[in-house]
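Asks: Protein chains in written order, with the working numbering: chain A, 1 to 593; chain B, 1 to 387; chain C, 1 to 151; chain D, 1 to 177; chain E, 1 to 209; chain F, 1 to 304.
Wrong hints could be hidden among the right ones.
Keeping only pairs whose Cα atoms sit at most 27 Å apart, straight-line, the calculated DSS-like set for lysine-lysine is [claimed, not checked]: (1) C:K100 with A:K387; (2) A:K179 with B:K214; (3) B:K262 with F:K36; (4) B:K198 with A:K4; (5) A:K554 with C:K37; (6) A:K270 with A:K311; (7) B:K23 with D:K42; (8) A:K311 with C:K37; (9) A:K19 with B:K111; (10) A:K4 with B:K111; (11) F:K36 with A:K128; (12) B:K111 with A:K179; (13) C:K122 with A:K387; (14) A:K14 with B:K214; (15) A:K25 with E:K200; (16) B:K341 with A:K205; (17) B:K197 with B:K313.
Don't read these hints as lab results, they were simulated from the structure.
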Amino acid sequence: MDIKDFIAPFAVWKRAFEKPFTVKKPIDERPGAPRYRGFHINDADKCVGCGTCEAICMNRAIDLVPVEGRDAKEGDSGLRPRVDYGRCCWCALCVDICPSGSLNMSNEYVWIDSDPDVFRYTPGVEPKPWDGSALGYRRAEGYRLLDGTRVPMPELDHHEAVKSFLELVRGWSREQAEKEADRCVSCGLCIASCPAHMEIPGYIKAVRDGDLETGLRLLYQTNPFPEACGRICTHRCEEACSIGTDGDPVAIRWLKRYIADQVELADYSKALPRKEASSGKRVAIVGAGPGGLSAAYYLALLGHEVTVHEKDEAAGGMLRYGIPEYRLPYPALDKDIGYIESLGVKIERGAPVGEGRSLASLRERFDAVFLSTGLPAAYGLDVPGEKHPRVLDGVAVLAAATRGQVLGLGARVAVVGGGNVAMDAARTALRNGASVDILYRRREEDMPADPDEIREAKAEGARLVEKAIPLEVKDAGGKARFVWNEATMVQKEAGKRPVPEPIPGAIHEEIYDSVISAIGQGPELSYIAEADGVEIRRFKPVVDRDGLATAAGKAPVFAGGDLVNDRKDAISAIADGHRAASAIDRLLSGKGA
Amino acid sequence: MRRQNEHVIPPETRATPDLSSGKYLVMWQGPQHPGITGNMSLRLVADGDTVVDCETHVGYLHRGFEKLMERRLWMQNFPLVCRIAVPEPDFNEYCYAAALEELAGVTVPEKAVWLRTLSLEMIRLASFLMWIGGQAGAFGHGTIAQWSVTMRDYVLDLFEELSGGRIYHMYIIPGGVRGDVPDGFLDHVLETMQVIKKNLDDIELVMFHNAVFKMRAVGLGYIPPDWVDKYGITGPNARSAGVARDLRKDLGYLAYPQLDFKLITGGRSDAFERAELRLAEMYQSIDLIRQIVARMPKDGPFRERLPNPLHWKIPAGETYVAAECTRGEYGFYVVSDGGDKPRRVAVRGPSYTHAVSVMERLVRGVNIADVAGLMVSLHTYPPEIER
Amino acid sequence: MNTASFQETLDFAIGRERAAVEFYRELTGKAAFAAQKSALAEFMAMEEGHVAMLTGMKSRGAVNLSPGAAVDLGLARRLAAEEEPTAAMDFQDILVAAIKKEERSGDLYRSLVAAALDPDVKAIFERLEAEESRHKRYFEELYETQVARDN
Amino acid sequence: MNELAKELAARYGARDWHDRRGDLSSTVVDPIRLHDTLAWLKDSAGYAHLSFATAVDNIERGVFTLTYTVRNHEQGHSLMVHADVDRANPVVDSIHLLWGQGWTYQREMKEWFGIDFPGSPRVDEEFVLEGWEGPPMMRRDFDSLAYSDATYEGRPGRVTHDPATRMQERLYPEAGK
Amino acid sequence: MSDKKIIPAPLANEGLPPDERGLFCDAAPREYEPARGIMEDFANWARSESLWILGFGTGCGAIELRPLMTSRFDMYRYGIQPRPTPRQSSVFVIGGYASVKTLKRIVRSYEQMMGPKFVVALGSCTINGGMYWDSYNTIKRIDQYIPVDVYITGCMPRPEALLAGFQELKKIIRAGRAEGQNEYARNFEWFKANQKKVIKDWNMPDYNW
Amino acid sequence: MEPTLLGRIGYAFLSLFVITNYGLLLIGSMARISAKVQGRVGQPVYQPYIDIIKSSVKRNAISHGIMFYLGPVFRLAGGVGTYMFIPAVFGSVVFRNFSDSGDLLLVMYFIFFGQLGMALGAGEGGHPYSAIGVSRGLAQMTAFEVPFALSVIAVAIQYGTLDINAIVGAQQGGFLNWTLFTNPLAVVAAIIAFLGMSMHNPFSVVIAPQEIPIGPPTEYQANLLGMLQTNRAIFNGAKLVLYMNLFFGGATNILVMVVKTFLIYFINVFVGQAFPRFRTDQSIRFFLGVPTLIGIASVIIAAV
């Protein structure tokens, strides 16, 4: 210890002549940093109420609550997160994980009250002073807890693909499937959008856990066509997927396919529920498409004896005759149908209902009838010259392809229409070595076909001619001279889709070997006689919620599938089949309507 | 005033004072006591002014972290761990993240490594600044605390800018960090370091060249070198006893092997030297922060993509990850049974030994007035004892 | 406007609608199965409704039809229905026939508008033309949503 | 490090040597030889620093796995010594004479797991808890949430909704009938 | 207040060693009528401008009291200062979660404070359990055990928020609404029952003012 | 004109009122100066008033027996007593108090009296820290009394009287007549003792918050605490006036008194901000060391 030790301490007084450290008005002067994790803000319009924030919150600080003026709709549960500030720890994991990116934080941090019950609120719904704050915690660029990118699906190269009918999509390996399944947050928003309301989060979890038998069981709960749906489903679920709000939606369809592909048919019976004891009731089903066979599956499972009447020589309906092999290989379809048949479902092939096998006679012989005859008849172009021999109908072309007939489409083919049938026809034609023009009355974005299908058709070499209004088909030495009028899209009425308006004089024509018309299909209803008492309106049997068609007389008649519903896809037909099966079962077993 | 090097080493075995004799005064220091670091308490038995026996009582802050962690998903534990040591939360975040990354086989991007090093070094500095105020305050010198806590606050401002949080930064997330540095942040760091260094110079002058402080601290709480292994003493307490151990050197984690710094050791091993050593480490921290700022890669990813946190499963295994915090060896022992939640997470806080077994022994024979100063000179944080 | 010409004009219009009813009745005769009949019956009922509506207007002595013409979706003009529907007619055939019929009515009223000298009669014809365009629009929309879904 | 593994195996029957990391290994000994193993490691093998000691409840196997992590600072290597003790009768030799802080860990394990260390100072005293009446709370079969819900009153008025259920209620209530 | 059945409080100072009983009061707490009119306003003004915080850092929240009481935020200029003994303090800052062991000390310290006394609760943990909502050792709502005047949410609330909280407390005191002491006396048995339900080894005096 | 006894009592009350307020403001302003050193703004100068009002309007209070009550009363009596026998302003009628009725010894007795009374009361509080604080306080007081007494003796010898008025009178006529210059050693010893007496660092062992929070007044609250706080102002004022009178030439008007006492008090703060606190034994050893030697030297010088 020296003298310095007595003198040096007085250096403290230096500070007395400097500026104090004190912040003059701390409350006003010090807003939170631009990244400060303050109170929550939520863009309630962007939010889809998926509840992922609730799931990640380790404090259980978040509740999902219904809010005024926001009902559930497809892809939005209508619920919004409500934060309990008696729980929150401001870790912002909810912000990091929010699939839509709607949940964020402001940099406001002062909230004081003597009432402890007020510290709860629904950000973005209950107005707060910090709403719309520009500063505050946001996810850093390039930083996400969830993966917004889908695992790429291995596909055949388009140049290769177009050479054969080999399946285009190869399916995932276990690792890929598990990685994709990992992206799911199990919010369940998708379930409502699926016509069959499949237990999607459940089977995705099964993929994640590697428990495919559970997965298969969950699939078969509502859908006995996992192989087919895993390939060709219109996957409306993916449109509702919360991950898709800011990124690629989870590839639900491919995961379904993965489960079905991985389980051998021989192992199905181990995973799936057993048939119930025979009820002694007999059900007739007309049409062995997805709707009919689904009904058959569930009815058989419930112990009813089911006979399916199919006009074609093979079962599957549009799945077989309407969808080309490269999208849905026949072995996959046969696997689905095979399992249904293995339950004892009798499928009478080549047995159309109509002459000699009337609906009335079915109603005599069976306890209930389910009609699922779909839309087999193509509508014509309805332009002058539509009866030209080179004007073919898309459905027929696809069916012929399925039957392995020589199509003889020629080298230059026009496909008129923008639906999936048009795409399938175009790609079938491509695979037959033709060069293909797809003519569509509106724009590409208006096309009802799957975006994937359009993309692939184009990639395989089809030329898309938009805004082409067919005018006439003329003969050109055995070939068809197709005349169309170029159109411009006019927004004629607010709120409705624009109408193609022909541009005067902009007439084009082209000579094709074949013109495939694929503008739409209609039902074949001639087998329903007036005496059957089935009410039909605008070529659709009128059914109630269960699929029961109002019918007088003996056995009840149910109807479903494309024949009845407006969605006109396989999954809706399957849903109809399932629903009708349950209703039939209730009716037959007397469990009440 | 004790002369230097004339150390009294308290006996290993506890005397059993006859409390009914009326000769002793039993006294609780804490939990509500300004001379206690954090919320814990000492039961002192005093003979006159001299403490003859001491029992530590902890658990006032016990929240059952290790149990709670077993109930939460791997990622959900990330906000929880930082609460274990309030003044120095980042070490929890780092050890937990590093243990998970090791078990899951994740490699952290270079940029994240540097940002982690930066935040660990910054929190070391902040924690030391808080401690030095406490050390001066424990001997009654309030002015230093007024300055140093403000300096610490400047570091917290940096954290707020970097991570969005003042106390709980929750910045080091498994896989990397949660964000890159904001614009101008590194300049702010350097400016702040300049301010802190200037203030540290003042503190050194006032506190370490202070006759009264020396009288109080020199010779107080001598820790013999052989206690280091015997009691599991780590950090500045061990280094002051002349044992050259610093996990930053020994384990070479994060970017420390690429940084240029010397291990600081002492030998007199009393409260005064421990304080001096920590002061030197504060200067070292400032230097390290400057080095990190200079050498940190400018670009690059800052987080490795991990599986969906809602279903993240970590392969079965166990590991122990340690890091050198201001008090010594801070470690996380993590056991996974292959599930989406930890099987067991055990936290090793350096205060566990310092504040309980070492403290109990060191306090014996010390004047009551020195208990606070001695306790602070061990630099302990109760929450990491009881978790 | 004198009462007589009002009565006359409406009678003419009612006649047109009656003819339409007949048109559908005739088609129903050709129909082979229940679905066709129900569709035709629906359209026929619609026309009968028009007859009733016009008759009502006639007795009230006022035409309260909106003058706003419906948007022309442009389908009718290009749809080719050269042949009369047959027993095998499907929904498309029936709709096309309906659309064509409405189009013809519209055309007729349009020419009447052009020919009418009495401005009041002209106004009635204009309104009737608009009414027919709305009918046509109704069928066109049905066609778009139910038949040519993919076009 | 394999020499050490061999030596430990020969001396104390240590088994299941795993190199977890370059500087971290683990091994298993019988609980009865735990004290001797640690004493030897401390005194003869240079593993003088006890980083921590804790236990893991392996309820499926009916054991508590004790973990003592010791570090050899000279070689820069840490070793985790495990020992499985019977969950039904968890009694282990105390190491408080080996390391001065050992008794604290043992006191903690006694309170948190119910593992007894006869002879360890203050081992029967409460450590972090006060007036605890439940079972040792770090045991896997103790449910913290259930205890908390039963003991500490929360603030009422919280209710949450499951998005999928909610959507079913609002959009397709008929399903699942 | 909860409709929980109230267990009658045991005899005063039960649980204390006999020789220590004399150190504590035997009278039950009672309510104190505020003075009339301007006198009470003046008293409340003085109370609000001289807030002495009990220096008991019960939880993490104490960490943000340090900056507040040192030069950066300097709470002294608002008439707020820490006080090391409950006898002289008027404000109890509950620094977040309270473990059962701490709660016991909180209750005792609170009772030792002289009225009017005020309680400021920091952080989510005091409101509804915070992040320790499922812990076996922390209570969820502090208002079950002692009356609270002001809650400041946050984890941790920043010093500025604390300061704002104290300003709010001042307003409440000046408005004469900070009657926690009387509330405690009024619902004494309810509070005691709650406390004793949680604190299993009750070895402290019931009456301690 | 000599006022009547009643008048003198009235003046005494006025004087007491002034010194109380002055003492409070002094405490307030010193707190602000300390704050400045600590880099902050500090409490308002009038804060001590609010604190006292606050303490006095506490709704309930707790007692630990009659001596517990008497502690602050004794202490206040000590403070008032000390002040009453010192002339605050030399030659002033109002501020001369009863300085002609008592001498230095009486004043020193009163200084002790307050401490002892406090000791009795605090001991009654039952808190161990009170007891420790009291013992520390008494021990330290005994120690600093040595240099203080020595310097008082030196002054008494120097001026040949114990009458404070006379001592002040002797220092009039220019600052070179101040004891500070006539007997600097005595002043140094007394000032060091004064540091101890004022409980500022490094001699703040009695209330040492980090060690024995906060010593004797631990159990005091409400109006009793208010009384202690008031006394602190009076007692401080009294001591400062005493020092001013003994060593710094007294004051002939109130302004001089304010300036001088402020500066004397500032010495405390000046030292206090720079140093931590002694341990009690160190403090005692300190007082019995150099300051005592200085005191002895001053006595010798004065005697010789």
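Asks: Would you mind marking each hint as holding or not holding in the structure?
Replies: Structure-based check of each hint:
For the hint pairing K100 of chain C with K387 of chain A, the CA-to-CA distance comes to about 19 Å; that is within 27 Å, so the pair holds. For the suggested pair K179 of chain A and K214 of chain B, the alpha carbons sit about 63 Å apart, so the restraint of at most 27 Å is broken. For the given pair, K262 of chain B sits about 38 Å from K36 of chain F by alpha-carbon distance, which is inconsistent with the 27 Å threshold. The hinted pair formed by K198 of chain B and K4 of chain A meets the criterion: a straight-line CA distance of about 20 Å does not exceed 27 Å.
Taking the CA atoms of K554 of chain A and K37 of chain C, the gap is about 23 Å. The hint holds against a cut of 27 Å. Proximity of K270 of chain A to K311 of chain A is assessed by CA-CA distance (about 33 Å); at most 27 Å being required, the pair is judged violated. Taking the CA atoms of K23 of chain B and K42 of chain D, the gap is about 41 Å. The hint is violated against a cut of 27 Å. Taking the CA atoms of K311 of chain A and K37 of chain C, the gap is near 24 Å; set against the 27 Å cutoff, the hint holds.
Our distance criterion of 27 Å between C-alpha atoms is broken by K19 of chain A and K111 of chain B, whose separation comes to about 38 Å. Restraint check: the Cα-Cα separation between K4 of chain A and K111 of chain B comes to about 46 Å, which exceeds 27 Å; the hinted pair is violated. Under the criterion of a C-alpha separation no larger than 27 Å, the hint pairing K36 of chain F with K128 of chain A is inconsistent with the structure, at around 40 Å. For the proposed pair K111 of chain B and K179 of chain A, the alpha carbon gap of about 26 Å is at most 27 Å, so the pair holds.
For the hint linking K122 of chain C to K387 of chain A, the alpha-carbon distance of about 42 Å lies beyond 27 Å, and the restraint is violated. A hinted pair counts as satisfied when its Cα atoms are at most 27 Å apart, and K14 of chain A with K214 of chain B qualifies at roughly 22 Å. About 45 Å separates the Cα atoms of K25 of chain A and K200 of chain E, which puts this hinted pair outside 27 Å; it is violated. Taken as a hint, the K341 of chain B and K205 of chain A pair is honoured in the structure, with Cα atoms around 17 Å apart against an allowance of 27 Å.
With a C-alpha separation of about 45 Å, the suggested pair K197 of chain B and K313 of chain B falls outside the 27 Å cut-off, and the hint is violated.
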